[in-house]
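Trainee: With the sequences and hints as input, model every part of the structure.
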Amino acid sequence: MLGFHVVKRSKDATPWWIAWLIRIGAILLGALVCALVTVVLTGKDPIYVFTTMVNGAFGTERKLWSLLQGIAMLLCVSLAVTPAFKMKFWNIGAEGQALMGGLAAAACMMFIGESLPNWLMLLVMVVTSMLAGAIWAVIPALFKARWNTNETLFTLMMNYIAIQIVSYFICVYATGGSGKIDVINASSHIGWMPSIGGKAYLLNVIIVLALTVFMYVYLKYSKHGYEIAVVGESENTAKYIGIDVRKVIIRTMIISGLLCGLAGFLLVSGADHTISRDTIAGRGFTAIMVSWLAKFNPIVMILTSFLLVFFEKGSGQVSQICGLNASFSDVITGIIIFFIIGSEFFINFKIMKNEKEGK
Amino acid sequence: MNMLIQFIQRAVIQGTPLLFGSTGEILTEKSGHLNLGIPGIMYAGAISGVIGAFFYEDKVGAANINPLLAILIPLATSMLGSLLMGLIYCFLTVTLRANQNVTGLALTTFGVGLGNFFGGSLIKISGSDMPAITLSTTSKCFKTTLPFAESLGAFGKLFFSYSFLVYVAIIIAIVSSVILNRTRIGLHLRAVGENPATADAAGINVNRYKYFTTCIGSMIAGLGGLYYVMDYASGIWSNGGFGDRGWLAVAIVIFAIWRPNMAVPASILFGGLFIVYNYVSLPGMGIEAQELFKMLPYLVTLVVLIITSMREKRESQPPQSLGLSYFREER
Amino acid sequence: MAEVPAIELKNITKTFGPIVANKDVCLVANRGEVLSILGENGSGKTTLMNMISGIYYPDHGQIFIDGKEVEIKSPKDAFNYKIGMIHQHFKLVDVFTATENIVLGLKDEGRYNLKKSAAKIKAIADLYGFVLDPNKKIYDMSVSEKQTVEIIKVLYRGADILILDEPTAVLTPQETRRLFSVLTRMKADGKTIIIITHKLNEVMEISDRVSVLRKGEYIGTVLTKETSESALTEMMVGKKVELNIDRSEPQNPEDRLIVAGLNCENREGVKVLDNVSFTAKSGEILGVAGIAGSGQRELLEAIAGLQRLESGSIIYNNPKTKEQENLRNKTPIQIRELGVRLSFVPEDRLGMGLVGNMDLTDNMMLRSYKKGHTAFLERSKPKELAEQIVEELEVATPSISTPVRRLSGGNVQKVLVGREIAAAPTVFMAAYPVRGLDINSSYLIYNLLNQQKEKGVSVIFVGEDLDVLIALCDRIVVLSSGKVTGIVDARKTTKEEVGLLMTKTFGDAEGGEK
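Chains as they are written, first to last, in my numbering: chain A, 1 to 359; chain B, 1 to 331; chain C, 1 to 514.
None of these hints come from the bench; they were simulated from the model. There could be a bad hint or two in this list.
[Unchecked claim] Sample of chain A residues with no beta-carbon within 12 Å of chain B, all distances over it, derived:
#1 I18
#2 K44
#3 F50
#4 S167
#5 L203
#6 I206
#7 V213
#8 H224
#9 K239
#10 I302
[What the hints assert, rightly or not] Below, simulated DSS-like cross-link-like pairs (lysine-lysine); rule was C-alpha separation at most 30 Å, straight line:
#11 K86/A x K295/A
#12 K215/C x K8/A
#13 K247/A x K330/C
#14 K313/B x K88/A
#15 K239/A x K383/C
#16 K239/A x K313/B
#17 K136/C x K313/B
#18 K350/A x K381/C
#19 K88/A x K381/C
#20 K313/B x K122/C
#21 K225/C x K199/C
[As the list claims (entries may be wrong)] Covered by chain C, according to a simulated footprint, are these stretches of chain B (three or more residues, beta-carbon under 8 Å):
#22 198–209
#23 304–312
Please read all numbers here as calculations on a predicted model, not as lab measurements. Built from N, CA and C at the ideal position, the CB exists for glycine as well.
Mentor: The following block contains the structure:
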């Protein structure tokens with residue numbers, strides 16, 4: 001009757017290259033399904049759809065930069081949430097933490113105005129943004145450490161409190177009756193990230209790349225990173241060797257929040273030059289998937305965030321050209337993620353045929 | 001007095017989508033699934049209903065609509081849509097044992113995208129000038145209220161003035177409570193969420209319970225989306241209109257400490273908190289204070305979450321294996 | 001004999017990855033008898049029984065019930081064949097009442113009525129002399145109450161074949177006697193009872209026949225009345241164990257650790273350490289004996305700084321500075337900073353002593369990662385240490401970058417003990433360090449402990465095998481329900497004396513040294 005049963009691979013792990021083959025296979029399969037969906041919806045042939053996608057992502061220099069900026073921003077938030085996840089602290093509040101960072105940056109630009117030289121202004125903004133993010137992140141950590149309050153639900157609620165604070169801010173300081181804040185310091189460009197060689201996003205990309213290397217080193221080669229790994233693997237072991245688990249939780253969440261705040265700063269100062277409820281645009285949630293799909297490895301996260309942003313931009317182009325709704329890209333992204341999530345099963349488990357079959 | 005009655009009425013109407021969502025999520029969480037895909041599922045439920053209604057209205061023309069079919073078709077399509085979402089979640093987390101948080105968040109991305117995509121497409125098909133689909137005829141059928149409500153004065157307004165889905169939501173919540181606490185199925189379900197290994201050893205088919213409950217929970221939550229479009233929004237679908245109500249529903253689960261019957265007053269309270277800014281006017285308070293009032297539901301939830309974690313009362317904790325995959329041969 | 005056995009297993013094999021838990025096991029149990037499954041820890045008894053009760057699924061082999069071949073794919077199948085298992089780790093839902101737990105999973109009982117069920121439970125309890133409040137929540141219950149719930153659960157279902165996995169490990173002698181009288185009554189009722197144990201005296205007392213497993217293999221079955229404890233031991237361990245542990249005389253013993261008046265309560269407010277006092281000396285091995293859960297774990301964890309104490313003191317005499325330090329309620333880090341070289345091999349190796357997903361090198365670093373003044377890890381010395389341990393203790397591993405979770409139990413323990421010894425301790429504590437290990441690995445561990453002793457280390461050894469405790473240790477502290485019931489000289493004591501102290505339920509805690 002039951003022809004198969006499932007066995008967890010604990011002692012005989014799948015070789016890494018097979019694991020990657022499975023993952024690539026899953027992505028291809030997901031892409032195939034997406035192509036099918038697109039072909040059904042548009043009636044165009046799949047080759048055309050794919051070339052449109054590639055064009056949408058790499059087609060022009062502007063598109064390429066927009067792709068790079070998209071990757072950099074998603075990667076930045078992903079790097080921020082990674083230390084917490086490695087510690088098995090389910091911080092799904094990156095959205096709020098980054099938004100608070102962005103709010104701090106925007107507030108600096110508006111209130112300090114144009115009285116400071118740009119470099120000093122940027123410095124002030126970085127510091128306040130990172131602090132804002134850290135404060136937003138450390139609150140749930142304190143409660144987790146003291147009363148073991150469920151962090152997933154806590155950080156989730158913090159997101160919406162942050163969003164309401166930003167809404168309030170926008171209401172109070174909206175430009176005219178528009179209900180939103182216009183580009184800040186549009187003429188003086190004070191508090192704007194300088195463009196390098198005419199490339200507005202280059203500095204963002206460089207900062208995030210540096211951050212990636214930093215996070216890789218931090219997690220793999222620093223004492224803090226080691227403590228995070230031990231706490232994540234087994235709290236009992238951590239206590240046994242005398243790691244103060246509460247301290248590590250709080251410290252790691254502060255780091256997580258600092259980086260989220262930085263992401264908020266980069267989005268406001270380096271791209272939008274204003275603040276809105278949608279400044280983070282769901283990256284706080286997408287980052288969780290990026291980080292998890294990369295098995296918390298910062299270098300691999302470049303790949304996973306590229307993948308997600310590529311599909312987002314590519315399917316955006318498809319929807320634009322074929323006259324589909326812009327949310328088409330969310331649907332495509334969802335499908336791809338489902339396939340990658342599902343593929344992990346075939347890496348971590350093996351399916352065995354029951355011996356009794358056929359008797 | 002009139003204002004108070006009106007406020008309560010509005011709170012109930014605001015709270016109903018939340019009640020559907022939170023009842024669905026409570027049932028789901030009772031089976032050990034922290035389904036963060038609920039917002040996406042509610043979107044999917046809403047748009048599926050809209051699609052059903054749209055094509056029915058389109059086919060027979062707004063004038064010849066059969067009121068019963070106008071209700072049944074969107075209801076069926078809505079439940080089918082959210083059922084499919086629930087199945088995706090279950091297939092990934094139960095059959096393929098994927099991480100629940102990641103799956104749930106992906107489902108929310110997918111569901112919200114799906115809602116806005118089909119919504120946008122329908123707007124295009126209908127050739128409307130406004131960025132919205134208007135299904136006022138269908139909405140009228142959904143909004144049918146009890147005929148004698150008007151004649152009962154304040155009492156009637158408070159209790160009988162709502163459309164049938166409001167009562168359905170309350171009945172589902174109470175029935176869920178009864179099933180959870182007073183039936184064998186409920187006992188088994190709670191065991192699955194608390195301690196799946198024990199439930200398994202007791203001969204309960206853990207995976208089947210997880211599948212069934214999560215799918216039923218999804219369908220209930222999806223009705224919340226449908227209610228929102230057909231009643232609250234008077235049959236007008238606009239992209240993004242549903243907002244963050246899905247996450248509020250997740251918040252109510254905590255506030256109601258995982259009890260569906262508690263979700264009824266909690267939802268009405270949250271509905272009230274959501275609109276209280278319209279009714280409170282303090283000297284010197286401007287329009288911007290609305291946004292701070294909208295924060296209240298989340299703040300209140302946080303307080304409840306913190307208090308329950310401090311009190312450590314066993315009965316008011318989340319199901320013990322919430323968020324964890326279960327695999328029998330694990331050792 | 002023409003009688004059809006109630007249950008018969010033929011050539012059952014089960015593997016977990018490369019580990020063979022059961023290999024070609026055959027077993028027969030009849031109606032109206034008590035069959036003991038005897039075997040050491042890790043001999044595959046529980047795995048075998050889990051396959052009968054549907055928790056695991058065999059890789060090969062057949063199961064027959066009443067002569068008919070059956071397939072037991074789930075616990076539900078097992079229920080249908082009227083098989084009920086009482087697990088060692090109770091399978092109960094904490095927030096449920098006894099009644100709710102007992103009726104859990106039952107479907108064909110008519111209307112769901114907890115009151116009616118509670119009455120039926122009361123009747124069963126009264127019939128067999130159990131004391132149980134059907135409406136009590138599990139989290140309010142003691143261990144033996146929980147076991148009562150488990151047993152009634154099986155009886156409530158009218159099981160014909162009962163499997164009990166080490167049921168007496170957590171019981172007091174009185175409770176054990178009561179349990180055995182219940183089992184005798186059920187046997188008279190025509191039920192089949194399979195009892196898993198490694199306690200020989202219980203085997204002799206309760207069972208009709210004994211089947212012996214050794215390292216997952218089926219050794220044989222004998223009638224209890226035709227065998228003896230020594231014959232069974234021989235079947236169980238292969239050959240008659242002459243424990244040839246070299247024991248040297250302690251050299252210049254000095255008081256190293258003076259433990260006085262320790263009191264400790266667990267989370268439920270139950271006293272787990274009750275006025276515990278003893279002295280551990282340098283250059284000796286101090287054994288700690290007691291039935292499972294008598295406070296051994298809490299005692300070692302208290303010394304290691306992992307357990308809060310209500311009162312008492314743990315005075316450490318530093319051999320270098322000659323200073324005295326009180327270790328009570330200090331964290332492991334604070335203890336280390338005081339210059340106390342304390343090594344601890346905990347019972348839960350992969351859950352506490354090591355990190356399963358990390359490789360050997362990173363596991364070596366657990367103790368030393370803080371060394372150095374930079375923010376970065378220094379991996380070269382831990383790597384050398386890992387290589388050294390692999391070589392000296394003959395750890396079987398593909399490489400030092402293999403996650404330790406993939407090693408076998410014995411090799412995991414070598415890695416852990418090797419690391420703890422490398423810290424050059426002055427106090428070395430080990431909890432059940434040979435549990436689940438084969439004879440060779442066990443002897444390797446004994447030798448390592450002896451080497452430490454000869455170096456002047458104060459060794460504290462918590463063990464479960466009395467033969468080993470008596471042959472290895474210099475003195476033995478006996479714990480019973482958190483109290484010290486005696487401290488004996490291992491060279492002069494007997495198994496009987498220690499066994500008696502282990503089950504002593506009252507009496508003074510002073511128990512002077514002999």
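Trainee: Please go over all the hints and tell whether each is borne out by the structure.
Mentor: We went through each hint and held it up to the structure:
Interface exclusion of I18/A from chain B stands, the closest Cβ pair being 17 Å apart, more than 12 Å. At roughly 16 Å from the closest C-beta of chain B, the C-beta of K44/A stays outside 12 Å, upholding its exclusion from the interface. Look at F50/A: its CB is around 20 Å from the nearest CB on chain B, clear of 12 Å, so calling it non-interface holds up. With a closest Cβ-Cβ approach of about 4 Å to chain B, S167/A is found to fall inside the 12 Å limit, against its non-interface label.
For L203/A, the shortest C-beta to C-beta distance to chain B comes to about 29 Å, beyond the 12 Å cut-off, and the non-interface label holds. With a least CB separation of 29 Å from chain B, I206/A remains clear of the 12 Å interface cut-off, as annotated. With a least beta-carbon separation of about 25 Å from chain B, V213/A lies farther than 12 Å from that chain, consistent with its non-interface assignment. The claim that H224/A lies off the interface holds: its Cβ sits roughly 24 Å from the closest Cβ of chain B, which is beyond the 12 Å cut-off.
Residue placement check: K239/A keeps its beta carbon more than 12 Å from all beta carbons of chain B (closest about 20 Å). A cut-off of 12 Å between C-beta atoms confirms that I302/A is not in contact with chain B; the least separation is 19 Å. About 9 Å separates the Cα atoms of K86/A and K295/A, which keeps this hinted pair within 30 Å; it holds. With a C-alpha separation of about 23 Å, the suggested pair K215/C and K8/A falls inside the 30 Å cut-off, and the hint holds.
Our distance criterion of 30 Å between C-alpha atoms is met by K247/A and K330/C, whose separation comes to about 16 Å. Note on K313/B and K88/A: the hinted pairing holds, with a Cα-Cα distance of about 24 Å set against a maximum of 30 Å. With a C-alpha separation of about 23 Å, the suggested pair K239/A and K383/C falls inside the 30 Å cut-off, and the hint holds. Only pairs whose Cα atoms come within 30 Å are accepted, and K239/A paired with K313/B is accepted, the gap being roughly 25 Å.
Only pairs whose Cα atoms come within 30 Å are accepted, and K136/C paired with K313/B is accepted, the gap being roughly 16 Å. For the given pair, K350/A sits about 37 Å from K381/C by alpha-carbon distance, which is inconsistent with the 30 Å threshold. Distance restraint check for K88/A and K381/C: the Cα-Cα separation of roughly 29 Å lies within the 30 Å cut-off, and the hinted pair is therefore satisfied. Under the criterion of a C-alpha separation no larger than 30 Å, the hint pairing K313/B with K122/C is consistent with the structure, at around 28 Å.
Between the alpha carbons of K225/C and K199/C the distance comes to roughly 16 Å, so the proposed pair stays at or under 30 Å and holds. Under the rule that three or more residues need a Cβ within less than 8 Å of chain C, the assignment of the segment 198–209 of chain B holds, with 8 such residues. Coverage of a stretch by a chain is defined here by at least three residues with a beta carbon nearer than 8 Å to that chain's beta carbons; for the segment 304–312 of chain B and chain C the count is 0, and the condition is violated.
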